[in-house]
Each structure stands twice: as C-alpha cells, then as structure tokens.
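Chemist: Throw the hints in and build the complete structure from the sequences for me.
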Amino acid sequence: MVSLRTHAINPGVMPPNFFLFCEDFMNLFTAMLRSGSGLLGSTLLLLSAGAQAHMPYLLPNVFDLNTRNHVSIIASFTDALFVPDIAMKSDAYAVITPSGERQPITQIQYLKDLATFEVATREPGVYRITSGERLGRKARMWQQPDGVWKFVDEREPAPSHVKVVDVQSVTTADVYVTRGKANRTALAANGKGVELTLQTLPHEIVAKQAAKAELLFEGKALADVNVDFYRGSLEGMNAKPVLTARSDAQGKIAFTLPDTGTYLALIRHRTESPAGAETAWRSYSYTLTFAVVE
1 MVSLRTHAIN PGVMPPNFFL FCEDFMNLFT AMLRSGSGLL GSTLLLLSAG
51 AQAHMPYLLP NVFDLNTRNH VSIIASFTDA LFVPDIAMKS DAYAVITPSG
101 ERQPITQIQY LKDLATFEVA TREPGVYRIT SGERLGRKAR MWQQPDGVWK
151 FVDEREPAPS HVKVVDVQSV TTADVYVTRG KANRTALAAN GKGVELTLQT
201 LPHEIVAKQA AKAELLFEGK ALADVNVDFY RGSLEGMNAK PVLTARSDAQ
251 GKIAFTLPDT GTYLALIRHR TESPAGAETA WRSYSYTLTF AVVE
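Quick note: the sequence shown uses this note's numbering, first residue 1, plus one each step.
Everything labelled a hint here was simulated from the structure, so no lab data went into it. Worth double-checking, as some hints may not be accurate.
[As the list claims (entries may be wrong)] When the alpha-carbon atoms are kept at most 30 Å apart in a straight line, the in silico DSSO-like pairs for lysine-lysine are as follows: (1) K212 <-> K240; (2) K163 <-> K192; (3) K192 <-> K89; (4) K192 <-> K240; (5) K163 <-> K220; (6) K138 <-> K112; (7) K252 <-> K150; (8) K89 <-> K240; (9) K208 <-> K89; (10) K240 <-> K181; (11) K150 <-> K89; (12) K163 <-> K138; (13) K208 <-> K163; (14) K163 <-> K181; (15) K192 <-> K252; (16) K150 <-> K138; (17) K150 <-> K181; (18) K240 <-> K252; (19) K181 <-> K212; (20) K212 <-> K192; (21) K112 <-> K212; (22) K208 <-> K138; (23) K220 <-> K252; (24) K220 <-> K240; (25) K240 <-> K208; (26) K208 <-> K150; (27) K220 <-> K192; (28) K138 <-> K240.
[To be verified] Quick list of simulated restraints, FRET-style, between CB atoms: (29) G180 <-> V152: 49 to 57 Å; (30) P157 <-> R270: 17 to 25 Å; (31) A221 <-> R184: 31 to 39 Å; (32) G191 <-> E156: 31 to 39 Å.
By construction, the Cβ of each residue, glycine as well, lies at the ideal position given by its N, Cα and C atoms.
Modeler: Structure below.
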C-alpha cells in the first residue's frame with residue numbers, strides 16, 4: 001500500500017511544498033490504477049464532492065528564508081490542501097514589508113490550476129503576502145435555527161418561513177515568511193475585512209505549545225467566531241479540522257497544534273454589507289497558511 005509521506009519541518013529548513021506533495025499524490029494515484037481497486041473511484045469522488053468548499057490559499061516554497069532574497073508563491077483555490085485546483089486571480093496581490101510598506105505584486109503568471117509569482121525579500125524581518133480582498137460570486141442564502149447558513153438550491157429550496165438574502169463572497173488569503181531576525185511590523189492589522197493577526201511570531205509556532213492570535217473584522221474584535229485549523233491532506237475540506245478554536249469577547253484565541261507541518265487557518269463570517277455594496281449581505285472567507293515547527 002502506498003501512503004503519503006509525513007514531512008517534518010525544522011527551523012531554517014525548507015518546509016513541504018507543492019511539488020513534493022504532488023509527487024506523493026501521483027504515487028498514490030498510480031498505485032490505485034495498478035491495483036484496479038475501487039479505492040480510486042472513491043478517492044476521486046471524495047476530491048470532487050467538496051467542490052462548494054474550495055478555499056483560497058497562498059503557499060511559499062520556504063517559510064524561513066534565512067538569507068534568501070526572494071520567495072516563490074503558489075496561489076490557488078483547493079479542496080485538498082495543498083493541491084491546486086483553480087488559479088486564484090486578484091487585482092490586489094500585495095506584500096507588506098518588514099518596514100511596513102505595502103507594495104503591489106503585478107508580475108503574476110496565471111495557469112489554469114494556479115497562479116505563481118515571486119516576492120523580493122531584501123530586508124530582514126517578517127513579510128506579509130496577501131491576495132487582498134477579492135469580491136466573488138453572488139448567491140442567495142438562508143440561516144438555519146442553529147445559525148448555520150445554507151445556499152438556496154433548486155433541489156432543496158429554502159423553507160417558506162425563513163428570510164432569504166442576497167450574498168456576495170469576499171475571500172482573502174494571507175501568508176507570512178521570515179528572513180533573518182523577525183519583527184512585528186507586518187503583523188499589524190490593516191483594518192479591512194476579516195483578519196487573523198498573530199500575537200506569536202510566525203516562525204515561533206511550535207507543535208504542542210500554545211500560540212496566540214487575534215480575530216478582527218474591520219479592525220475591531222470579532223467575538224465568538226470559530227477558527228478551523230486544517231493540516232495539508234488529500235482528505236479535502238470535508239475532513240474535520242485538526243482543531244477548532246473560538247474567539248473570546250476580545251477576539252483573542254489560543255491554539256495548540258499537535259504536530260509539525262503546514263497548516264491552514266480558516267475563518268468564515270457572514271454579515272450585512274457596507275453601504276453601497278452590490279448585495280445586502282457578504283460572506284467572508286479568510287485563510288492564513290503557516291508552518292508549525294519542532
């Protein structure tokens with residue numbers, strides 16, 4: 001039986017990247033073909049079943065840059081972390097440098113399954129690389145008594161007694177990379193949309209040790225909202241998160257992840273739109289990709 005390898009991440013060592021992960025995936029795929037097992041069909045069904053759950057992500061080839069003067073980024077939507085499926089297009093790609101300067105990223109190569117670009121990292125410190133806010137598709141949704149939102153579906157119409165609202169999706173994906181001595185300037189909130197601001201420096205998120213962050217919306221504390229943590233896996237977004245943390249009244253969370261690896265933090269938040277928006281409500285999805293080290 002072929003299984004996916006587990007990649008340990010150590011400080012200063014290149015973390016698991018897209019190409020290694022795809023090599024494992026293809027080994028597994030080939031083994032299924034050779035065996036003639038029905039497992040292949042089941043796996044393909046699993047990978048396609050969560051099409052509605054595609055999430056944006058940014059993945060660097062290196063989190064800890066050491067002395068490297070650039071970093072390469074993959075940007076995509078996926079249902080199986082971190083295997084790219086749909087290229088993430090954005091007019092708002094940017095990097096916040098260790099000195100706090102926001103620089104647009106314009107040299108982007110768009111392929112069918114992913115976008116890729118390089119970011120210069122000439123000065124020491126922490127860099128925040130972001131897709132910026134992306135306005136996406138519009139839909140109609142309704143809220144169940146338990147607070148869970150559902151899309152209106154022709155096959156499953158909303159109950160007659162509920163209020164149906166027009167919603168537009170807003171997605172943002174962030175990632176931090178560090179060159180040399182870390183600083184906190186790029187970690188500051190920009191006050192726009194949903195943000196997960198790290199209180200623990202990115203390269204100091206250690207397995208089995210508590211890390212801290214703050215959840216914000218439009219620069220203010222976002223209380224009583226779940227943050228789901230997923231580890232890179234072919235199981236897709238339909239798999240249960242490794243951990244779910246809930247923000248307190250001040251928007252703060254503490255989280256302890258069990259193993260080293262590359263993780264994605266996911267936040268969903270639905271609320272009324274600001275004045276002048278195209279729909280009455282907005283559905284925000286925010287992700288932060290980060291490495292957990294030993």
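Chemist: Compare the structure with each hint and give your call.
Modeler: Hint by hint, here is what the structure shows:
Distance check on the hinted pair: K212 and K240 sit about 22 Å apart at the alpha-carbon level, within 30 Å; holds. The straight-line distance between the Cα atoms of K163 and K192 is roughly 28 Å, inside the 30 Å bound, and the hint therefore holds. Taking the CA atoms of K192 and K89, the gap is about 19 Å. The hint holds against a cut of 30 Å. The hinted pair formed by K192 and K240 meets the criterion: a straight-line CA distance of about 29 Å does not exceed 30 Å.
At roughly 28 Å between alpha-carbon atoms, K163 and K220 fall within 30 Å of each other, so this suggested pair holds. Taken as a hint, the K138 and K112 pair is honoured in the structure, with Cα atoms around 22 Å apart against an allowance of 30 Å. Restraint check: the Cα-Cα separation between K252 and K150 comes to about 27 Å, which is no more than 30 Å; the hinted pair holds. Our distance criterion of 30 Å between C-alpha atoms is met by K89 and K240, whose separation comes to about 27 Å.
With a CA separation close to 36 Å, the supplied pair K208 and K89 exceeds the 30 Å bound. Restraint check: the Cα-Cα separation between K240 and K181 comes to about 35 Å, which exceeds 30 Å; the hinted pair is violated. Only pairs whose Cα atoms come within 30 Å are accepted, and K150 paired with K89 is accepted, the gap being roughly 26 Å. A hinted pair counts as satisfied when its Cα atoms are at most 30 Å apart, and K163 with K138 qualifies at roughly 17 Å.
Note on K208 and K163: the hinted pairing is violated, with a Cα-Cα distance of about 44 Å set against a maximum of 30 Å. At most 30 Å may separate the alpha-carbon atoms for a hinted pair to count; K163 and K181 exceed this at roughly 52 Å. The suggested pairing of K192 with K252 holds, with an alpha-carbon distance near 17 Å, which does not exceed 30 Å. Annotation: proposed proximity of K150 to K138 holds, straight-line Cα distance about 13 Å (limit 30 Å).
For the proposed pair K150 and K181, the alpha carbon gap of about 45 Å is over 30 Å, so the pair is violated. For the proposed pair K240 and K252, the alpha carbon gap of about 22 Å is at most 30 Å, so the pair holds. With a CA separation close to 20 Å, the supplied pair K181 and K212 stays within the 30 Å bound. Proposed proximity of K212 and K192 is supported: the alpha carbons are some 20 Å apart, at most 30 Å.
For the hint pairing K112 with K212, the CA-to-CA distance comes to about 36 Å; that exceeds 30 Å, so the pair is violated. The straight-line distance between the Cα atoms of K208 and K138 is roughly 40 Å, outside the 30 Å bound, and the hint therefore fails. With a C-alpha separation of about 11 Å, the suggested pair K220 and K252 falls inside the 30 Å cut-off, and the hint holds. Note on K220 and K240: the hinted pairing holds, with a Cα-Cα distance of about 29 Å set against a maximum of 30 Å.
Distance check on the hinted pair: K240 and K208 sit about 19 Å apart at the alpha-carbon level, within 30 Å; holds. Taken as a hint, the K208 and K150 pair is broken in the structure, with Cα atoms around 35 Å apart against an allowance of 30 Å. Among the hinted pairs, K220 with K192 is consistent with the structure: their alpha-carbon atoms are about 9 Å apart, no more than 30 Å. Proximity of K138 to K240 is assessed by CA-CA distance (about 27 Å); at most 30 Å being required, the pair is judged to hold.
Range check, G180 to V152: about 51 Å between beta-carbon atoms, so the 49 to 57 Å window is met. Taken as a hint, the range 17 to 25 Å holds for the pair P157 and R270, whose Cβ atoms sit roughly 20 Å apart. Remark: the range hint 31 to 39 Å for A221 to R184 is contradicted by a beta-carbon distance near 19 Å. The hint said 31 to 39 Å for the Cβ distance between G191 and E156, and at roughly 38 Å that hint holds.
In summary, the structure is inconsistent with hints 9, 10, 13, 14, 17, 21, 22, 26, 31 from the numbered list given earlier, while agreeing with the others.
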